[in-house]
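Residue numbering for the sequence shown is 0 to 189, as defined by numbering that gives the first Met the number 0.
Rather than coming from a laboratory, the hints here were simulated on the basis of the structure. Check before you lean on any hint, since a few could be wrong.
In silico DSS-like links for lysine-lysine, alpha-carbon gap of 27 Å or less [unchecked claim]: (1) Lys85 x Lys131; (2) Lys58 x Lys45; (3) Lys85 x Lys45; (4) Lys58 x Lys85; (5) Lys85 x Lys116; (6) Lys46 x Lys58; (7) Lys46 x Lys131; (8) Lys45 x Lys131; (9) Lys127 x Lys116; (10) Lys85 x Lys51; (11) Lys51 x Lys131; (12) Lys85 x Lys46; (13) Lys116 x Lys131; (14) Lys85 x Lys127.
Quick list of simulated restraints, FRET-style, between CB atoms [unchecked claim]: (15) Ile13 x Ser149: 50 to 58 Å; (16) Leu77 x Gly142: 19 to 27 Å; (17) Lys45 x Asn88: 16 to 24 Å; (18) Gly67 x Leu104: 21 to 29 Å; (19) Ile143 x Ile13: 22 to 30 Å; (20) Asn82 x Glu138: 15 to 23 Å; (21) Lys116 x Ser149: 31 to 39 Å; (22) Lys51 x Ile75: 30 to 38 Å; (23) Lys46 x His139: 13 to 21 Å; (24) Ile55 x Ala90: 32 to 40 Å; (25) Pro73 x Lys127: 16 to 24 Å.
Remember, it's a predicted structure, so these values are computed and weren't measured experimentally. In this text, a Cβ means the ideal position worked out from N, Cα and C, and glycines have one as well.
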Amino acid sequence: MVLINNLFMLRQLIQNIRLFHNSKITKGYEGPGKTTMDILNIQNNKKILINKCLPIGFKLNDNSLILGPLAIFPEIILAWNINSTKDINEATLSLFTILYPTLDLLILGLESNYEYKRILEIKKILLKYQIKTEILPVEHACGIYNFLKSDGRYVAAGLIPPLSKKFNSHQKPLQKSPKKLTEEKNLIDT
Numbered sequence: 000m001v002l003i004n005n006l007f008m009l010r011q012l013i014q015n016i017r018l019f020h021n022s023k024i025t026k027g028y029e030g031p032g033k034t035t036m037d038i039l040n041i042q043n044n045k046k047i048l049i050n051k052c053l054p055i056g057f058k059l060n061d062n063s064l065i066l067g068p069l070a071i072f073p074e075i076i077l078a079w080n081i082n083s084t085k086d087i088n089e090a091t092l093s094l095f096t097i098l099y100p101t102l103d104l105l106i107l108g109l110e111s112n113y114e115y116k117r118i119l120e121i122k123k124i125l126l127k128y129q130i131k132t133e134i135l136p137v138e139h140a141c142g143i144y145n146f147l148k149s150d151g152r153y154v155a156a157g158l159i160p161p162l163s164k165k166f167n168s169h170q171k172p173l174q175k176s177p178k179k180l181t182e183e184k185n186l187i188d189t
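All chains should be modelled from the sequences, with the hints used to inform the complete structure.
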């Protein structure tokens with residue numbers, strides 16, 4: 000009885016070894032619907048994409064550095080003659096309004112956060128020309144521009160370099176009262 004059980008287990012083991020030996024080793028799933036990943040700035044050498052957003056300008060995927068604000072279109076890059084978001088008006092946006100065919104989306108990257116009232120003024124100007132727009136901080140605008148451009152959309156962007164952390168004049172530094180400082184110190188000591 001023990002010998003029959005051992006022979007049965009040995010027979011199953013040999014069959015499993017044969018199946019394992021004959022199985023094909025694959026790298027992963029090779030069927031339909033396979034998920035792939037592209038690194039945008041490496042794969043799309045023919046497209047102009049933005050790699051870095053610096054306080055002095057922008058570094059592109061071809062390692063060129065563009066100084067100051069820029070207007071980036073599907074095929075070309077132009078220097079945008081403005082100093083800050085306060086300088087954006089109908090005349091400075093005319094670069095984007097004369098394009099034909101009209102853009103799928105215009106992305107404006109502002110150097111810092113602005114009041115909603117100012118953003119509405121800019122949107123109102125572009126709405127007059129029936130241009131869809133997205134207004135964001137410049138760090139986010141660069142990523143969205145790269146994504147939409149890689150997706151094959153007809154987009155353009157007006158980008159203003161971010162203010163350096165030290166010289167951000169639009170944000171007030173957080174100041175704590177002496178009373179709050181002593182309260183925090185007491186909490187730490189206990």
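Hints and how they fare:
1. Straight-line distance between C-alpha atoms of Lys85 and Lys131 comes to about 20 Å, which keeps the hinted pair within the 27 Å bound.
2. Taking the CA atoms of Lys58 and Lys45, the gap is about 16 Å. The hint holds against a cut of 27 Å.
3. Between Lys85 and Lys45 the CA atoms are separated by roughly 34 Å; this puts the pair beyond 27 Å, and the hint is violated.
4. For the hint pairing Lys58 with Lys85, the CA-to-CA distance comes to about 24 Å; that is within 27 Å, so the pair holds.
5. The hinted pair formed by Lys85 and Lys116 meets the criterion: a straight-line CA distance of about 12 Å does not exceed 27 Å.
6. Simply put, Lys46 and Lys58 have alpha-carbon atoms about 14 Å apart, close enough for the 27 Å limit, and the pair holds.
7. Distance check on the hinted pair: Lys46 and Lys131 sit about 22 Å apart at the alpha-carbon level, within 27 Å; holds.
8. The hinted pair formed by Lys45 and Lys131 meets the criterion: a straight-line CA distance of about 26 Å does not exceed 27 Å.
9. Among the hinted pairs, Lys127 with Lys116 is consistent with the structure: their alpha-carbon atoms are about 17 Å apart, no more than 27 Å.
10. For the suggested pair Lys85 and Lys51, the alpha carbons sit about 23 Å apart, so the restraint of at most 27 Å is met.
11. Distance restraint check for Lys51 and Lys131: the Cα-Cα separation of roughly 25 Å lies within the 27 Å cut-off, and the hinted pair is therefore satisfied.
12. Between the alpha carbons of Lys85 and Lys46 the distance comes to roughly 30 Å, so the proposed pair goes past 27 Å and is violated.
13. Distance restraint check for Lys116 and Lys131: the Cα-Cα separation of roughly 18 Å lies within the 27 Å cut-off, and the hinted pair is therefore satisfied.
14. For the hint linking Lys85 to Lys127, the alpha-carbon distance of about 19 Å falls within 27 Å, and the restraint holds.
15. For Ile13 and Ser149, the Cβ-Cβ distance of about 53 Å falls inside the hinted range of 50 to 58 Å, so the restraint holds.
16. For Leu77 and Gly142, the Cβ-Cβ distance of about 21 Å falls inside the hinted range of 19 to 27 Å, so the restraint holds.
17. For Lys45 and Asn88, the Cβ-Cβ distance of about 34 Å falls outside the hinted range of 16 to 24 Å, so the restraint is violated.
18. Under the hint 21 to 29 Å, the C-beta atoms of Gly67 and Leu104, about 23 Å apart, fit the expected range.
19. Ile143 and Ile13 have their C-beta atoms about 60 Å apart, which leaves the hinted 22 to 30 Å range violated.
20. At about 19 Å, the beta-carbon gap between Asn82 and Glu138 stays in the expected band of 15 to 23 Å.
21. At about 33 Å, the CB distance of Lys116 to Ser149 agrees with the hint of 31 to 39 Å.
22. Here the CB-CB span from Lys51 to Ile75 is close to 20 Å, at odds with the stated 30 to 38 Å.
23. Separation of Lys46 from His139 is about 19 Å and conforms to the stated range, judged on CB atoms against 13 to 21 Å.
24. Remark: the range hint 32 to 40 Å for Ile55 to Ala90 is contradicted by a beta-carbon distance near 25 Å.
25. Separation of Pro73 from Lys127 is about 23 Å and conforms to the stated range, judged on CB atoms against 16 to 24 Å.
Hint check: violations occur at hints 3, 12, 17, 19, 22, 24; the rest are consistent with the structure.
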